[in-house]
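Based on the hints, put chain B in the right spot on chain A.
2 protein chains.
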Amino acid sequence: MGRYESIRLAHGSGGRLTAELIREVFAATFDNAPLAALTDAAVLDNPGGRLAFASDSHAVKPWRFPGGDIGRLAVAGTVNDLAVMAAVPRYLSAAFILEEGFRIDDLQSVVLSMKRTADEAGVAVVTGDTKVVERGKGDGIFINTTGIGFLPPGRDVGPHRLTAGDVLLVTGTLGDHGLAVLAARAGLPPGMALESDVAPLGGLVEALLAAAPDVHFMRDPTRGGLAAVANEMVASRPFGVRVWDARVPLNHDVAELSEMLGIDPLLAANEGKIVVALPAGQADAALAALRAHPLGRNAALIGDLVLQPAGMALVETDYGSRRVLEMPVEEQLPRIC
Amino acid sequence: MGRYESIRLAHGSGGRLTAELIREVFAATFDNAPLAALTDAAVLDNPGGRLAFASDSHAVKPWRFPGGDIGRLAVAGTVNDLAVMAAVPRYLSAAFILEEGFRIDDLQSVVLSMKRTADEAGVAVVTGDTKVVERGKGDGIFINTTGIGFLPPGRDVGPHRLTAGDVLLVTGTLGDHGLAVLAARAGLPPGMALESDVAPLGGLVEALLAAAPDVHFMRDPTRGGLAAVANEMVASRPFGVRVWDARVPLNHDVAELSEMLGIDPLLAANEGKIVVALPAGQADAALAALRAHPLGRNAALIGDLVLQPAGMALVETDYGSRRVLEMPVEEQLPRIC
Chain A
471 MGRYESIRLA HGSGGRLTAE LIREVFAATF DNAPLAALTD AAVLDNPGGR LAFASDSHAV
531 KPWRFPGGDI GRLAVAGTVN DLAVMAAVPR YLSAAFILEE GFRIDDLQSV VLSMKRTADE
591 AGVAVVTGDT KVVERGKGDG IFINTTGIGF LPPGRDVGPH RLTAGDVLLV TGTLGDHGLA
651 VLAARAGLPP GMALESDVAP LGGLVEALLA AAPDVHFMRD PTRGGLAAVA NEMVASRPFG
711 VRVWDARVPL NHDVAELSEM LGIDPLLAAN EGKIVVALPA GQADAALAAL RAHPLGRNAA
771 LIGDLVLQPA GMALVETDYG SRRVLEMPVE EQLPRIC
Chain B
471 MGRYESIRLA HGSGGRLTAE LIREVFAATF DNAPLAALTD AAVLDNPGGR LAFASDSHAV
531 KPWRFPGGDI GRLAVAGTVN DLAVMAAVPR YLSAAFILEE GFRIDDLQSV VLSMKRTADE
591 AGVAVVTGDT KVVERGKGDG IFINTTGIGF LPPGRDVGPH RLTAGDVLLV TGTLGDHGLA
651 VLAARAGLPP GMALESDVAP LGGLVEALLA AAPDVHFMRD PTRGGLAAVA NEMVASRPFG
711 VRVWDARVPL NHDVAELSEM LGIDPLLAAN EGKIVVALPA GQADAALAAL RAHPLGRNAA
771 LIGDLVLQPA GMALVETDYG SRRVLEMPVE EQLPRIC
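These protein sequence lines are chains A and B, in that order.
Residues 471 to 807 (the working numbering) are what the first sequence spells out, left to right.
Residues 471 to 807 (the working numbering) are what the second sequence spells out, left to right.
So that you can see chain A by itself, here it is in the shape it has in the complex:
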């Protein structure tokens, strides 16, 4: 791509510059046979059985942040949506909406970050698309990734399996992504080190399911954080959820910055964590397996599903007080993912 330093409208024309971009940036980096065919659709092996299919568009601002960038986020986000359905993520598409003037070396660095994250996750980016919009009609780079995973026979994870008595685990500290992006925008207070937790979690899920095959439910608490997941778990159901405040793992600087800014870290976004519900009898095995994995070292049991009050999410403090963990309404932080 030596000819141009930045994206021109013609890179989205379907003509020669589009072909160069595909060949020299996308196909060269993602480097796999279905993509190299450059056909309208990738042709893929399929073991049969059930598919999982998930789509996520990414518009995070800034596109590079402490601990990651929009490329890593785009791959991990969709991989994690498949993994929490207990599927094995396998194929991704990657579709870019680029603003005229976006630097091609920045694009290359994002694509390389996608490739590295895809390798880490064991998935291949096998098809894609590029559109270019005029200056002022986009914001640098938006990426959609859509993924296919295969569901091994017998796996059945989902909200329909939740039941009172289940315990609630998180696979690590909460709020890291949300606070890291916020700090990247606002400027970090001196001495604080916040990093996004963005990571693909397929391997962690497999480790968990091997140790605790009866997991009832998993979800990655992205936008809206634990608060959104907890409320979705219990809305219109005959049970509620209780979270013990003091047991929620938080990184020191996340807790401090949240306090400083009056933000509830339970509403902040995560991109490398899972909320798990399972029978109490499997909690120890699950926690041991999670903590033995590099992405689950800080896993913790943080709550349970209770019969009363049904349909609600409550947070209990060590001092016995209780507050309602509301479903977020307003955007805490736009463009977090």
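Check before you lean on any hint, since a few could be wrong.
Here are the computed lysine to any residue pairs in the SDA-like style, where the Cα-Cα straight-line distance is at most 20 Å [unchecked claim]:
{"no.": "1", "chain 1": "A", "residue 1": "K531", "chain 2": "B", "residue 2": "L479"}
{"no.": "2", "chain 1": "A", "residue 1": "K531", "chain 2": "B", "residue 2": "K531"}
{"no.": "3", "chain 1": "A", "residue 1": "K531", "chain 2": "B", "residue 2": "E570"}
{"no.": "4", "chain 1": "B", "residue 1": "K531", "chain 2": "A", "residue 2": "G610"}
{"no.": "5", "chain 1": "B", "residue 1": "K531", "chain 2": "A", "residue 2": "E569"}
{"no.": "6", "chain 1": "B", "residue 1": "K531", "chain 2": "A", "residue 2": "E570"}
{"no.": "7", "chain 1": "B", "residue 1": "K531", "chain 2": "A", "residue 2": "G606"}
{"no.": "8", "chain 1": "B", "residue 1": "K531", "chain 2": "A", "residue 2": "R605"}
{"no.": "9", "chain 1": "A", "residue 1": "K531", "chain 2": "A", "residue 2": "R655"}
Here are some chain B residues the structure puts well away from chain A; computed CB gaps all over 10 Å [what the hints assert, rightly or not]:
{"no.": "10", "residue": "E475"}
{"no.": "11", "residue": "E676"}
{"no.": "12", "residue": "I733"}
{"no.": "13", "residue": "P764"}
I should point out that these hints are in silico values taken from the structure, not numbers from a laboratory.
A virtual CB, placed ideally from N, CA and C, is assigned to each residue, including glycine.
Quick look at chain B alone, frame taken from chain A:
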């Protein structure tokens, strides 16, 4: 969605407004069981065998144009990418990047248009995503659709099967989408009626393959038009392509407006046409099948693959002159799809 007339940042927050939008606009309209589950990934039946997987982002301007809108385009575009691989399109994802302030009734009309087009195509929109960007950081509505199709056993269509002697068909008039969008932007000359050809072509492909099972190659000539497809067919191959100018079907007003503006309709975008290459012996059967289908009435044989000059696309006129049909370099019309 009675509470708000237009999109707010909170509709992308992952909280209550996101949930309302998903439930009341997307799930209510697309209306199918995998989507209604509102899980992170849709869980889908899978007959086994090979998959086809294609992704397309759509940023057409204006988002509503004569003959269609971005919703119909988004569904047809991805369906057609699967169909030209000889796959049977089955599942779509739909991911929206909305600009703050986009009207919710406009969004509803786009989603309804997607649903109607999906029904026409025999596909279901089973998963999706919504992001909202601030005013001035997007342009109303961008839609990514990514699709899964299943490849029936034995089908083998692609550039590797092209060979000298193949004839070239188009399934109808060229340039309709490109010129209709151009006219929608610039204002239509009085008395002219231009309409986009945007349509899902899975049914047309099945009719074609039933009559002419030995089709070698299909592609939908979207951005870059016939010129881009013709050049991609022959680049670095031991054959070239010859197109007979007078045989290319053109709507009267497309020809007239192209002439008026100095645009080559062979470079203009199509969203409801296919370029087909197949052995000469099957051309009559193929043309008869195409012309018997409502979306193929104007199908025509327009050229062939020749040994010399290899690697090039040439256009021949009735008067014996020849010109090179160049791969487009600059964007003829940005944001055409």
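Just pull the numbers of the violated hints for me, sorted ascending.
-> 2
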